[in-house]
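J.: Taking the hints into account, I'd like the entire structure generated from these sequences.
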Amino acid sequence: MTSYYQQVYDLVRSIPEGKVVTYGQIAKLIDRPRYARQVGYALAALPAGHDVPWHRVVNARGEISRRAVSDYEDYQQILLEDEGVEFELNGRIDLKSYQWVPDANH
0 MTSYYQQVYD
10 LVRSIPEGKV
20 VTYGQIAKLI
30 DRPRYARQVG
40 YALAALPAGH
50 DVPWHRVVNA
60 RGEISRRAVS
70 DYEDYQQILL
80 EDEGVEFELN
90 GRIDLKSYQW
100 VPDANH
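For the sequence shown, counting from 1, position 59 maps to 58 in numbering that gives the first Met the number 0; every step adds exactly one.
FYI, nobody ran anything at the bench for these hints, they're computed from the structure. Among the hints, erroneous ones may be present.
Said to hold, decoys possible - FRET-style restraints, in silico, Cβ to Cβ:
#1 P32 - D70: 27 to 35 Å
#2 Q98 - Y4: 31 to 39 Å
#3 Q5 - N58: 19 to 27 Å
#4 A67 - Y4: 16 to 24 Å
Glycine included, C-beta positions come from ideal geometry on N, C-alpha and C.
T.: Written as structure tokens, this is what we have:
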């Protein structure tokens with residue numbers, strides 16, 4: 000059986016460049032609809048040298064969530080902008096434009 004964290008990582012790896020998903024969306028897609036916070040814990044626990052595009056995960060308002068490490072929010076925004084994701088003046092991403100909705104096979 001695949002661990003919860005591994006399920007999160009596998010799904011995040013499938014997010015196309017230039018798209019984002021929310022923590023809650025990931026939780027629902029792996030059949031744990033009330034585990035959005037745990038998705039954040041899984042991403043925070045990524046080991047060095049990983050290949051998981053964690054920066055493509057944002058909160059339900061289309062915002063970058065605060066991190067314990069300072070300046071990581073800016074780094075995440077730079078990574079997303081490099082992929083063509085645009086931020087509104089209020090710092091949000093228009094989820095209608097950039098949110099990835101996978102097909103049934105992810």
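J.: If a hint holds in the structure, say so; if it doesn't, say that too.
T.: Okay, the hints, checked on the actual structure:
One distance hint, 27 to 35 Å for the beta-carbon pair P32 and D70, holds here, with the actual separation near 32 Å. Distance hint for Q98 and Y4: a CB-CB separation of about 23 Å, inconsistent with the stated range 31 to 39 Å. Checked against the hint of 19 to 27 Å, the C-beta distance between Q5 and N58 comes to roughly 23 Å, which is consistent with it. Taking 16 to 24 Å as the suggested C-beta distance range, the pair A67 and Y4 conforms, at roughly 18 Å.
Hint compliance for this structure: hint 2 is the single one not met.
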